[in-house]
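Residue numbers (our numbering), protein chains in the order written: chain A, 1 to 263; chain B, 1001 to 1754; chain C, 2001 to 2075; chain D, 3001 to 3075.
Any given hint might turn out to be false.
Stated by the list, open to error - Here are the computed lysine-lysine pairs in the DSS-like style, where the Cα-Cα straight-line distance is at most 27 Å:
id, chain 1, residue 1, chain 2, residue 2
1, C, Lys2061, B, Lys1162
2, D, Lys3035, C, Lys2041
3, B, Lys1472, A, Lys26
4, B, Lys1231, D, Lys3024
5, D, Lys3041, C, Lys2035
6, B, Lys1400, B, Lys1618
7, C, Lys2052, D, Lys3049
8, D, Lys3012, C, Lys2027
9, D, Lys3027, B, Lys1231
10, D, Lys3011, B, Lys1156
11, C, Lys2011, B, Lys1317
12, C, Lys2053, D, Lys3027
13, B, Lys1472, A, Lys257
14, C, Lys2061, A, Lys172
15, C, Lys2061, D, Lys3061
16, B, Lys1750, C, Lys2027
17, C, Lys2011, D, Lys3049
These are computed hints drawn from the structure, not numbers from a lab.
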Amino acid sequence: MKKDVEVAILTMEGTNNEEEAYQSFKHSGASPEMIHLKKLENGTKKLSSYDILFFPGGFSAGDYVRAGAVMAARMRSRLMKDLEEFVESGKPVMGSCNGFQTLVELGLIPNVEEKYGLEAALAPNISNRFEARTVYLKISKGHCLFLSEFEDGEIIKLPIAHSEGRFVPKDKKVLEKIVKNGMNVVSYVNQLGNPAGYPWNPNGSESNIAGVCNREGNVLGIMPHPERVFYKYTESDWTRGGGKGGMGNPFFRGALKYSIEKY
Amino acid sequence: MIEKGALNEVPMFGKRSEELSHISERMHLGLSVEEMSRMQVYFENEGRNPSDVEVQAIAQAWSEHCSYKSSKIHLKKYIFGIGKEKVVAEGDAGLVSLDDETAIAFKMESHNHPSAIEPYGGAATGVGGILRDIVSMGAQPIAVTDVLYFGTKKIKGFPSPKFIEGGVIAGIRDYGNRVGIPTVSGGIVYSEFFSPNVLVNVGCVGVVEKKRIRSSAISKPGIKLIIAGGKTGRDGIHGVNMASAVMESGEEDISTVQLGSPITKEPLIHAVLEANERGLVYALKDLGGGGLSSVVGEMLQSGGMGGRVLLDRVPLKESNMKPWEIWISESQERMLLAVEEEKVGEVLEIMEDWDITAEVIGESEEGKRLRIFFAGERVLDLDTDFMTSPVLYERPSSIKERRIVQVLPKNPTDFGKILMGMISDKNVRTREYVVRQYDHTVRGSTVIGPFTGIVGREGPSDASVIRPDWNKESGVAITHGSNPFYSQIDPYMGGKAAVDETVRNLISVGAEPLGFSDCLNSGNPEKPEIMGEFIEMLKGLHESAYDLNLPFVSGNVSFYNEAGKRRIPTFPTILGVGKVDTISNAISPDFKGTDRSIYLVGIPTTDMGGSLYYRRLKIDGGRVPYSDPKTLKRRGWNLLRAIRSGKVSSVHDISEGGIATAISEMTIGSGIGALLDLSPLGLRADFAMFSEPQSGWIVEVKKDREREFEEILGEDSMYLGQTQEGSFEVVRGEEKLVSVGLDLILRNWKRGYL
Amino acid sequence: MVDLRITVTLKKTVEDSEGGSVLKTLKLLGYDGVKDVRTGKVYFITLTKGTKKTGREFCEKLLANPVINECAVDD
Amino acid sequence: MVDLRITVTLKKTVEDSEGGSVLKTLKLLGYDGVKDVRTGKVYFITLTKGTKKTGREFCEKLLANPVINECAVDD
Ligand SMILES: Nc1ncnc2c1ncn2[C@@H]1O[C@H](COP(=O)(O)OP(=O)(O)O)[C@@H](O)[C@H]1O
Ligand SMILES: [Mg+2]
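Please model the entire structure based on the sequences and the hints provided.
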């Protein structure tokens, strides 16, 4: 059993969610480290020496071209092999917000047809606006390792903050495979737990998809931000009572538990 | 000495005043004849003509924007020095103490002129600039704030208010979101006053370990100067001179327009803070108005040093820039680090790790001379004291005699309709159409955000609370106060009301106020009546802060917000910070349960000048509400005690629209209504409901805690009614005044926003 | 020296929310003759070496996601 | 029916950080033949009535800020 779980939090200019990701892992008992993409590119750091890989949110390279595109292009050009090895060894990989966008641009999500091909995109929100709000989400945990600490069907609330979060699958077939494999593990719902339109689905995502786990269950991409509500006090409605721990907390517990048990 | 007859010499020797003012005009210096002749005398004593670099450098340092020459005398008298013992340090931003180890750095600043010309870039670079001020103190920014004043009328020759508004908001959004600091607090005020002089006041709050606070003074020779971040270009040249003059038209001086580059800034913040964290930084300052010239001059002068700079070393965006352009360029995203020689290598390595351009450009030296070289030639050789000490003006001032006419509107009949009108008023209704475009949860430390309550139907909150350290329980509360409508009628009372609102908002979330930053907006100070208003405002600020014993730790003055005959009222925007000792005690304004007692703290009056009620009735006149800081202190701190000891379940301060509006807002985030009886107030019903008493709050007290609450607040609290299901009702004895459903309130407040 | 103009748009099958919002605003401004607005990004790229084909590589590797984008290269 | 193509770019005197970021990335991807990248927005507008001149009005009224932008209308 492994005591010390080492987490690589990938950064570059414009990623900006790394601080709360770092703190969330740290407060879960892991040993996180922020790694600038440059250091992986020039070989000062190696992906394989970490147990968990986290792609934080933000605006990597400003998101000027398209959310996550630059980071993904740079990784594809020099680090794809390392990344594939990491994923295929079964280690946990998670990306939230910009991290999700990057995972999709890298072809790690959904990855149901041709290996690591582009099978989806996160298009501009239908509202044509940046949206920062708290959303209700339904967890359909499947065998996604990050969700093991949730009840199946649980409704949680997490913050979102993005302008490109509309999940668009390449075609019907891809969507069907996602659904059939139970990979659409996190969905936008209304306050009653039912599928609903804007603003409950804040970006117009196909089938209300908020988060997708790969078939193997070790790569999770999610638009909302679990790392921002590690403790109850950053839930947007905590002053009204309820809640014990933060609703984002189980994502980290789940990943850690998996890493400790598996290695 | 610079050789006589050098290529860039500015011939001043023996010139007459007309010729001097001609030089000032031709070189865009913005200096008066007196100032030019003062310069002339200096160089006559040096026995030579100045170089263009020198003249430009002096003009920057002596601009209103950099030197505060019209306001300094008054600021010293009224603003500096209050609550001194609470100030941990001052510099580009001011600091107060959060706990034994940590200080809070904060500042608010205006970016009015740039935003009026190019709203997107103006507002974006405003956010960039205020962030740099916080980082300059060695502090980690934890929140960005913005208080915006938009016009409502299209003025010929200027862009439409809609265009300006859209641009400003997009600029703040695109910059703030990209640097990853949450934009959590602010305000938006719409009024004809601000056509075409839009005001963009931006603030930033940060935290720093006390032992890591950096000053900007260099008081040792041999300290290396490193410029880091963005490259230097022709952009922004003469920005400070523009901010120190009246606008002529909407398409001025294009060379000063910049858009900012948040993804240069984002890693720069990390790198500078990392270097500071590792103890590698001796002194630090950001490059803002006046560029290198102003920064190098001030860093050396404040530590009593001289120094040298090699301009060829400055990384440039475009080749063939003239030395004076490099020296005064206001290109964004740059910081100047002063570093001891043996630590330079390590600092440059950190910069390299973060992919940031950085270069050693000079060093400090014994003595008081600053010398600048370019292509091997000495292009500037000045005494730093002379350069950084402008003439201070005590400009003539006059106070307009105001006759106060108390006006009595007709007794209204449909109170519900008036109330719904207020809830949906442009200046009251939801700000979600703006604020939801700002990331207010990034960094995962937002304990109270701009909107609170049931997810999906949140209402407005009074102040935001950030938990800067996940390992501690303490929180930093952040809010603002300003009321240009009061200030327009009475700048003195307007000043006091701004402080009052700031304090009210902080108390409302359960925070103890710690200090203020004051962003002062005004017109042309060369006009006596404006100087008069300015001084009145300062007196108001002074009296309130003095009685509260709370310092103004930082601030800024923006004069010349005029165009043609149109000008803004003279008024402050106050940024206030407070301390929430235990975040679990923080509180929000949404009602928490039914059948609980509602108390009023504060006393409605007949002073309705500038109130939302009068404005909607188009009544011009009346006395503005009176703010008494001693009362504010008593009520506020007692209420804080009641909150901290767990007697209270929600609090909202009374501001625009009075008691009725405040209570309506408390129903929004909660879906819980209220039943009020105005009988104990003994005023006309419209005055009771809609007057805007200062130092006032609505409080929902927890069940069975009423006695204890009343004991703490004493005569300052008055029982008004109960929370209830379904609707908001107001009665006076038997008389029914208002009865509205909660959905109607919500819908009016949302005005179509989902 | 080659000057390329690369235009990246959303595919016709993907809703263009920005275009929709511009359309709405233009109508509000009184232009009822506007039927449709589609938006895109354009990159003006100067190459010291390379051809139109290089531009198409840029599309593939960086500028467009074929799931939602079309990418046109002109010189 | 008129089809307009309106291209809004930053003036040469205004720094284009988006272009800068693309340039840097293309170089990192190994394309050292890239000398310069400028970016812009493009609007494809279909009018049932109106001309190129209408397009220029769109520039003025909505799409561009003359202080920082250039706006070109092609049909
Ligand atoms: N321009 C803005 N930027 C950031 N936050 C804002 C802005 N305008 C309003 N807010 C926030 O939205 C909330 C509601 O604003 P407002 O209705 O003006 O509240 P209040 O009248 O109590 O000040 C407050 O928390 C305020 O700080
Ligand atoms: Mg308030």
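**Asked** Taken at face value, is the distance from the CA of Lys2035/C to the CA of Lys3041/D at most 27 Å?
**Response** holds (19 Å)
Quickly compare the C-alpha distance for Lys2052/C and Lys3049/D to 27 Å and report which way the hint goes.
Distance ~36 Å between Lys2052/C and Lys3049/D Cα, so the pair is violated.
Is Lys1472/B close enough to Lys257/A, meaning Cα to Cα at most 27 Å?
holds (26 Å)
Given the hint that Lys1400/B pairs with Lys1618/B, test it: the Cα-Cα distance must not exceed 27 Å.
It holds: about 23 Å lies between the C-alpha atoms, which stays within 27 Å.
Practice item. Would you mind confirming whether the straight-line C-alpha gap from Lys2061/C to Lys3061/D stays at or under 27 Å? Key: Not OK: Lys2061/C and Lys3061/D at ~36 Å, beyond 27 Å, violated.
- Message: Can you confirm whether the C-alpha distance between Lys3027/D and Lys1231/B stays at or below 27 Å?
- Response: holds (19 Å)
**OP:** For the pair we were handed, Lys3012/D and Lys2027/C, check the Cα-Cα distance against 27 Å.
**Re:** violated (31 Å)
- prompt: Taking only the CA atoms, is the gap from Lys3035/D to Lys2041/C under or equal to 27 Å?
  reply: holds (19 Å)
Within a Cα-Cα threshold of 27 Å, do Lys2061/C and Lys1162/B meet the stated pairing? violated (39 Å)
Does the alpha-carbon distance linking Lys2011/C and Lys1317/B stay inside the 27 Å limit? violated (37 Å)
Proposed proximity, Lys26/A with Lys1472/B (alpha carbon, max 27 Å): Given pair Lys1472/B, Lys26/A holds - Cα atoms ~15 Å apart, limit 27 Å.
Point to revise | Hinted pair Lys1750/B and Lys2027/C, Cα distance within 27 Å | key: OK: Lys1750/B and Lys2027/C at ~24 Å, within 27 Å.
In summary, the structure is inconsistent with hints 1, 7, 8, 11 and 15 from the numbered list given earlier, while agreeing with the others.
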